[in-house]
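> So the protein sequences, as listed, match chains A and B. Per this note's numbering, the very first residue in the first sequence carries number 1; after that it's consecutive. Per this note's numbering, the very first residue in the second sequence carries number 340; after that it's consecutive.
Accuracy of the hints is not assured; some may be wrong.
A partial selection of chain B residues facing chain A, derived with a Cβ cut-off under 7 Å [what the hints assert, rightly or not]: (1) 446; (2) 448; (3) 452; (4) 454; (5) 460; (6) 461; (7) 462; (8) 465; (9) 482; (10) 486; (11) 591.
Hints listed in this document are in silico derivations from the structure and should not be mistaken for laboratory results. For glycine and all other residues, C-beta sits at the position ideal for the given N, C-alpha and C.
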Amino acid sequence: MRPLTLRRLLWTCGGLAVLLLASVILALKLGAVPVSVTDLVIDLGRIAIGRANELPTEYRLIVFDLRLPRILLGILVGAALSVAGASFQALLRNPLADPYVLGVSSGAALGSILALILAPQFALVTPVGAFLGAIGAIAGVYFLGRREGQLDSTTLLLGGIISASFFSAIIMFLMTTLAGRDLRGMVFWLMGDLSTPVSSGMQWIFTVGLLAGIGAIYSTSADLNLLLTGEREATHLGVDVTRVKLVVYVSASLLTALAVSASGAIGYVGLLVPHAVRLIFGSDYRLLIPASALCGAIAIVLADTLARTIVPPTELPVGAMTAMAGAPVFIYLLRRGLR
Amino acid sequence: MALKSMRSAINGASAGFRRQRLALFFAAVAAFFLIPWGGLVAGQTSARTGANSPRRELTDEIGRKVEIPREVNRVVSLAPNLTEIVFALGDGNRLAGDTDFCDYPAEALQKPHVGGPVNPNLEEIVALMPDLVLATKSINRRETVNALDRIGLPVYVTGEPHSVEEMISSVEHLGSALGMEESAAMVAKNLRGRLAELDRRLSGAVPRRVLFVVWTDPLISVGRGTFIADALRRAGAESVVDTNEEWPHVSMEDIVRLQPEALVFASAHAGDTQRDIDALRTRPGWKDLDAIQHGNIVVVSEAINRPAPRMVDAIERLAGALHPEAFRSASGTGFSLWQLFFAEANPHRLKPVPHEEACACAR
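Given these sequences and hints, build the entire structure.
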């Protein structure tokens, strides 16, 4: 494998950022009101220098108050889920790990629903509940997956899938027994849906949380490379395994929790994207983490654009699009792994 | 935790390469996210103050304060019953758009659609440039209302009706929101008058014990707090299912034990319902019901499922079918709807009563 240089890292990330920008512009262009790309670029420029007031109202409302926040949310969610997936894959040394498959997304969903029931008056209650749920779920799955002190790949995956269905059953129970007021919203949100904008305060929390989480994981990326060879080997090479694992588990759970509280359980992104990135750019985590973040963002932006425009005016939940693409790939990887 | 580990990573790195790389990476990512969002936050504040037409404030049925233009000319309805109410108020032209499920009256089908009531396309709604959006707590999501709120589109939300009277007061409230108080008062007066007339005719009648079938697989009926249960009471019937749950899943065993006098189905397509009922005749549980064996089945228009003025038509027809004796003397024709539905086990006679027939006797 070619050694990773600063030059290669910057070129790769720069290239992916340009691709992301292109998909954002494509996503901004498509929808109920068609917009030309040239106008978009000019108007984006105007907004960047704070002169948004010069744009016509309806057009600005649709493209910049509805479409753009949704796209930005998609970027955050895609980046968070992909980096969380890549991290879980390193920690568990299992290529099939993904927040959704491991039940972490369901745990986060259950956590935020419980929090919403117990303390609906606090604005921050959903992300915090989701975070606790995600941490609880990954801890549970981790202990389920241990056999004789070793992580067993099959047991781990089974543990994740069983936890996910257990959490879903509790969610179903809570939704049927509690008053039907928020039910419709919940059902939609559970499928993974970006159509509901989050408040601007939440946008900042998500942005800061995402940067902190990805940053923390990125700071351990050299150690993650060594950890892939095995925990004992990594310890011999001078890696503080306990610290790295703690940092990465907490950060990856935080990222999953942020993504879930913003958009529900969008599946398979954390599985698909890191795999694609590994195939193209190699498996050095120093490149894999930022490249996964950018590619995950691209994937969600494009999937959501498809979900918005495939059967107008009805919108599909973006989780349906990612599952349609992701589930077959999961099976392919599983079959390949078994051989 | 995360920040601390970041800092220790940066400080601990011996190579300048690593620090530089991290800084560059974060600067690029931060710039990418923060620039457009900063602009958006700045732009959002002005979006709300952009309105220049005279406005008035009113409180909607769920207690939200809504600021709406004095003159409402373009309305988007997010629920079929609200669409019907706008048409019933007599000015369907003001309706700029409705949902995929708005199928009555026929003009509603011609309006631009904004998707389903649960997941409407927000962009389509904005593109129709409405002065006011109508939503209902019964089917629309709170998130949709919040999203429209945030971008500054006024949304009037009607509550979840628990009685026919609440439906009528919704008509009046929407009338005042749309500046059509007079026609709303007329519609309300007409509906209340017809209901009072029904009450008068049915005053001596013993309520029929019925099972209202919302869905057959699984069997879903109505709870006592729903507007349908109230509609049944208005039509001289009472539901054998009596529960606090709104749309209870009912066990067939209970229904066989309760033995309702009649089954009430609501249907838009009489043919489909007839096929469904034919299938039920041979099903375990269903075939043990006296109502099925004797053909005591009433099919009313699906209008009874929709809290809109047309619901009263369905109530009148149901009352006529269940209590023909109460209407016989008035109409003078002596025909018996009760016999039409009850005496005959022949499924081919099973059809909703034509509108004029049923209403002629009730009005």
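> Are the hints correct? Go through all of them and say.
Verification of the supplied hints:
no. : hint : in the structure
1   : 446  : violated, 19 Å
2   : 448  : violated, 14 Å
3   : 452  : holds, 6 Å
4   : 454  : holds, 4 Å
5   : 460  : holds, 4 Å
6   : 461  : holds, 5 Å
7   : 462  : holds, 4 Å
8   : 465  : holds, 5 Å
9   : 482  : holds, 4 Å
10  : 486  : holds, 5 Å
11  : 591  : violated, 20 Å
Hint check: violations occur at hints 1, 2 and 11; the rest are consistent with the structure.
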